[in-house]
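Residues per chain, in single letters:
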Amino acid sequence: KQEVTQIPAALSVPEGENLVLNCSFTDSAIYNLQWFRQDPGKGLTSLLLIQSSQREQTSGRLNASLDKSSGRSTLYIAASQPGDSATYLCAVSHTRGYSTLTFGKGTMLLVSP
Amino acid sequence: DTEVTQTPKHLVMGMTNKKSLKCEQHMGHRAMYWYKQKAKKPPELMFVYSYEKLSINESVPSRFSPECPNSSLLNLHLHALQPEDSALYLCASSRTANTEAFFGQGTRLTVV
Chain B
1 KQEVTQIPAA LSVPEGENLV LNCSFTDSAI YNLQWFRQDP GKGLTSLLLI QSSQREQTSG
61 RLNASLDKSS GRSTLYIAAS QPGDSATYLC AVSHTRGYST LTFGKGTMLL VSP
Chain Y
114 DTEVTQTPKH LVMGMTNKKS LKCEQHMGHR AMYWYKQKAK KPPELMFVYS YEKLSINESV
174 PSRFSPECPN SSLLNLHLHA LQPEDSALYL CASSRTANTE AFFGQGTRLT VV
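Which chain is which? The protein sequence lines are B and Y, in order.
For the first sequence, our numbering gives the first residue as 1, with consecutive numbering after it.
For the second sequence, our numbering gives the first residue as 114, with consecutive numbering after it.
No lab work stands behind these hints, which were simulated from the structure alone.
Predicted model only: the values in this text are computed from it and were never measured.
C-beta: ideal position from N, C-alpha, C; glycine also.
Treat the hints with caution; some may be incorrect.
When the alpha-carbon atoms are kept at most 25 Å apart in a straight line, the in silico BS3-like pairs for lysine-lysine are as follows [to be verified]:
(1) Lys132/Y <-> Lys105/B
(2) Lys149/Y <-> Lys42/B
(3) Lys42/B <-> Lys151/Y
(4) Lys131/Y <-> Lys105/B
Stretches of chain Y that chain B covers, calculated by requiring three or more beta carbons in the stretch to come under 8 Å of a beta carbon on chain B [said to hold, decoys possible]:
(5) 154–160
(6) 215–223
To list a few chain B residues with every Cβ distance to chain Y over 12 Å, as calculated [what the hints assert, rightly or not]:
(7) Ile7
(8) Ser12
(9) Asn18
(10) Ser24
(11) Arg55
(12) Gly83
Let the sequences and hints guide you as you build the complete structure.
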């Protein structure tokens with residue numbers, strides 16, 4: 001059974017810092033990995049999707065990397081802003097059986113002014 | 114347009130009520146999903162529809178009944194719910210299985 005772990009569970013940083021969120025998964029047979037952002041009580045916003053054949057994806061201040069063989073992904077946020085405060089969820093779409101998303105428990109990020 | 118629209122945003126219902134949650138997307142996606150999310154937990158998959166057919170039911174109690182009337186709409190019919198069913202219900206869609214998933218803003222359900 002696929003298990004997804006996110007470290008740290010919570011992170012508090014001052015504005016302007018660069019930061020890294022970590023995601024690991026136990027079964028490397030994945031189609032893709034997706035990073036989401038969730039504001040309190042709201043839905044999920046897709047940030048980046050990395051296909052299993054890719055090593056990284058970039059969108060603005062966000063860069064996500066994938067090392068499928070070691071079962072790891074990182075989300076790098078450059079020059080953090082208070083508006084980045086949210087919970088960040090990592091999810092993998094795996095190939096065994098019918099493919100659905102398996103989520104990690106998320107990293108709660110607080111960026112203080 | 115990458116929007117998935119869910120209505121209502123908030124719903125309070127009694128344990129004997131019947132209500133429905135609605136989800137709509139116009140991206141031409143052929144896979145649609147219902148997830149349940151409790152506070153401070155990740156989303157849990159409930160149902161998957163692929164090409165308007167139910168593909169996955171994650172052992173969800175029968176008091177939750179999904180329906181996919183056409184490729185753009187997904188409903189979740191609720192009947193005789195329990196207070197522990199109170200949660201954020203999220204709808205998502207993707208072009209097909211294994212492609213990028215887009216989520217709606219959710220319906221906050223409270224069962225009293």
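* To do: Decide, holds or violated, for the assertion that all CB atoms of chain Y are farther than 12 Å from the CB of Asn18/B.
  => holds, 26 Å
* **Distal placement of Ser24/B relative to chain Y, Cβ over 12 Å** => holds, 15 Å
* Residue count check for the stretch 154–160 of chain Y against chain B: does it reach three with CB-CB under 8 Å? -> Coverage by chain B holds here, the residue count being 4 at a Cβ distance below 8 Å.
* Pair hint outcome, Lys149/Y versus Lys42/B [Cα-Cα no greater than 25 Å] -> Satisfied, since the Cα-Cα distance of roughly 13 Å is no more than 25 Å.
* Against chain Y, does Ile7/B keep a CB gap of more than 12 Å to every residue? -> holds, 14 Å
* **Separation of Ser12/B from chain Y, once the least beta-carbon distance is taken, above 12 Å** => holds, 17 Å
* Asked: Quick one, are Lys42/B and Lys151/Y close enough, alpha carbons at most 25 Å?
  -> Given pair Lys42/B, Lys151/Y holds - Cα atoms ~12 Å apart, limit 25 Å.
* To do: Evaluate the condition: distance from the CB of Gly83/B to the nearest CB of chain Y exceeds 12 Å.
  => holds, 18 Å
* Does the alpha-carbon distance linking Lys132/Y and Lys105/B stay inside the 25 Å limit? -> violated, 30 Å
* To do: Beyond 12 Å from every chain Y Cβ: check whether that's true for Arg55/B.
  => holds, 18 Å
* **Lys131/Y paired with Lys105/B [C-alpha distance capped at 25 Å]** => violated, 32 Å
* **Given coverage of the stretch 215–223 of chain Y by chain B, checked by CB-CB distance under 8 Å (3 or more)** => Holds, because 6 residues of the stretch 215–223 of chain Y bring their Cβ atoms closer than 8 Å to Cβ atoms of chain B.
Of the numbered hints given earlier, the model fails hints 1, 4; all others are met.
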